[in-house]
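**Q** Sequence:
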Amino acid sequence: MNRTNVIIAASIAAVFSVAHAEPASLLPASNPFAKPSTLPFGYPAFDKIKNEDYAPAFEEGMRQNAIEIEAIANNKAAPTFDNTIVAMEKSGQLLSRVSSVFGNLSGANTNDTFKALERELSPKLAAHSDAIRLNSKLYARVKALFDKRDKLHLDAESKYLLERYNTDFVRAGAQLSDADKAKLKSMNAELAKLQTTFAQNVLEEANASALVVDTREELAGMSDKAIDSAAAAAKAKGQDGKFLIPVVNTTGQASLAVLTNRAVREKLMALSLARGSHGGKFDNTQVVLSLAKLRAEKAALLGYPSFAAYSLEDQTAHDPEAVNKMLSEFARPAVANAKKEGAEIQQVIDKENGGFQLAAQDWSFYSDKVRAERFNFDQNQLRPYFELNNVITNGVFYAANKVYGLTFKERKDLPVYDPDVRVWDVFDADGKQLAIFIGDYYARSNKRGGAWMNAYVSQSSLMGTHPVVANHLNIPKPNPGEPTLLTYDELRTAFHEFGHALHGMFSNVKYPRFSGTRVPRDFVEFPSQVNEMWSVDPAVLANYAKHYQTGAPMPQELLDKVIASKKFNEGFRTTEYLAASILDQKWHQLGVSQIPTDVLSFEAKSLKDAGVDYAPVPPRYRTTYFSHVFAGGYSAGYYGYLWSEKLDADTVDWFTENGGMQRKNGDYFRKMLLSKGGTMDAMQMYRNFRGRDAKIEPLLERRGLTEK
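Positions -21 to -1, 1 to 687 (mature numbering (1 follows the signal peptide of the UniProt record, and there is no 0)) are the ones given, in order, by the sequence shown.
Because the hints were derived from the structure by calculation, they are not lab data.
Watch out, some of these pointers could steer you wrong.
Stated by the list, open to error - In silico DSBU-like pairs for lysine-lysine, Cα to Cα no more than 35 angstroms straight-line:
1) Lys14 <-> Lys130
2) Lys456 <-> Lys391
3) Lys587 <-> Lys348
4) Lys29 <-> Lys456
5) Lys103 <-> Lys29
6) Lys319 <-> Lys584
7) Lys204 <-> Lys545
Using the sequences provided together with the hints, build the complete structure.
**A** What follows is the structure, given as structure tokens:
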């Protein structure tokens, strides 16, 4: 899952953006951020950027932006759309430039200097954002325009921009008293520090929690190459002769599917589950409690009963009740499905005289056995047909060509921040260059877990900018000379993230505020989920699913089994996701007086009360390593993946009804949805595309939840 990278300056970069005549600069011309990049489409000059360039660029960027904002707020001329709203859209060029690169690389390629600067900058940037959003004179100009918006003769996008600006200011606290504004500023600065601490603890804890074993035999079931990699990883950490298995961000770990030694599986799962909650330097329990309390206090100050109520008001779901209703409707059938799957797994364990009851560490290992028995294949049979370069160039790009007419040309002349990063020019159907696409596919110890898309440059006709977007995955890098063979989940993720990239590349908006993926959080996953459909489209599969050694196509029999097994393990997948989503809501629906004192007890009670406390299927993320919601970005919003999937499943039905992979379908989807960014109400945009609201039945069918 995605996702879209939440940079530390997101609240600024999303609104105050690029390509504007800047105030006189105090930044030395030698600083690579001093002027816009001269590379194509403003592509960052990664080879010229040094760690020491960021801090002065941020300081000068904030100074310049403050001057611009003060000039707008104190303009003696009566407020107009151009001298107020458009002026704000054009402000903050330098700050946006440095924020996008630093924010993106702090997730993709961090180091100790980055981490220290991130801790220092996060409260400063929060204060800078507050100084803008809580500026009384500035808001008075916005409010004056908002109150007479129907008389300004604005086009639809401009009118919606004005409405969004007013909402942004109000939700940021512009209508508070001066005393309450001061309280809010203090809260925001502290929240920024806590979120940074949480994120850094998660990364450090993941590295510290790696499983180390003494003998090769303990890793039985893993391939020789994987064991060799584990030996090399241990040696790199100064533990020569031992074997190290890193821990990824989710609760489930890939190695659990193959490790035959149950005791080793148990150790690995225990390490994963304990992250951030067992004391020590990277413990996140107190950070969580402080975050929950501060978020609840902020919401109360702004007039909301909970942080979830505050957050959801600005999403398509609108309120906690709608989210709770959806999650509860899915919980019972999902857990029932998971328990049926668990019973099947227990039968296999008993048949093998295992002598134990199914536990979390066993699920992946034995569910693959159930899959093999039921469908006569296991996941490892697929991997030789999913070689990374083939998947990207002959799968992901091929589908984009057939559906949207895009073509891709790899280029080696642009600088990259890591040797494994790849870059492509993207051309539209008419032959004109549309975007630059960056692919960063391999896991690194200085790269956060998961997968996500971000934009280094966002499209805007006002600014004359074109998209530079990036996808990031965390595929284990093989030994030199060995192929990169993907799991089915990694394959699906590659298509998913490229759906986000398409959303960014197809953006055709005027204002930066609406560019690309700047849509409600519970809508942003929808286009990316739709793009997953092409990963198993027969025509696309035939083009990329070829054996990495022989070039032979994936046998039709194996392909049929893959498609037949698509609903397999959906009880598990839905339940682990729902458990995490419910935890997110439970934490963020608390009022100020309801904050617990014990994180793990609250977590256990929350899962039990919601009926998703099925021990063999723990939450996809436990509270103390749930970066989506406690490091920002998806706070009170993790439900959005399922909310978006309802739209996705209904859209897949639309493609099927209209003939599937055809340019006319892709062009229509692009015109009605992918190109529009955040220029209108998201659900109205969907209704305009589909001709009606989305139905739930396609999603229930997809997830095997149609039988109650």
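**Q** If a hint holds in the structure, say so; if it doesn't, say that too.
**A** Each hint tested on the structure:
Between lysine 14 and lysine 130, the direct Cα distance comes to roughly 39 angstroms. Violation of the 35 angstroms bound is thereby established for this hinted pair. Taking the CA atoms of lysine 456 and lysine 391, the gap is near 20 angstroms; set against the 35 angstroms cutoff, the hint holds. For the suggested pair lysine 587 and lysine 348, the alpha carbons sit about 29 angstroms apart, so the restraint of at most 35 angstroms is met. Distance restraint check for lysine 29 and lysine 456: the Cα-Cα separation of roughly 26 angstroms lies within the 35 angstroms cut-off, and the hinted pair is therefore satisfied.
Between lysine 103 and lysine 29 the CA atoms are separated by roughly 21 angstroms; this keeps the pair inside 35 angstroms, and the hint holds. For a cut-off of 35 angstroms, the pair hint linking lysine 319 to lysine 584 stands: about 23 angstroms separates their Cα positions. Of the supplied pair hints, the one linking lysine 204 and lysine 545 holds, its CA atoms being roughly 29 angstroms apart against a limit of 35 angstroms.
In terms of the numbered hints stated before, the structure departs from hint 1 and from no other.
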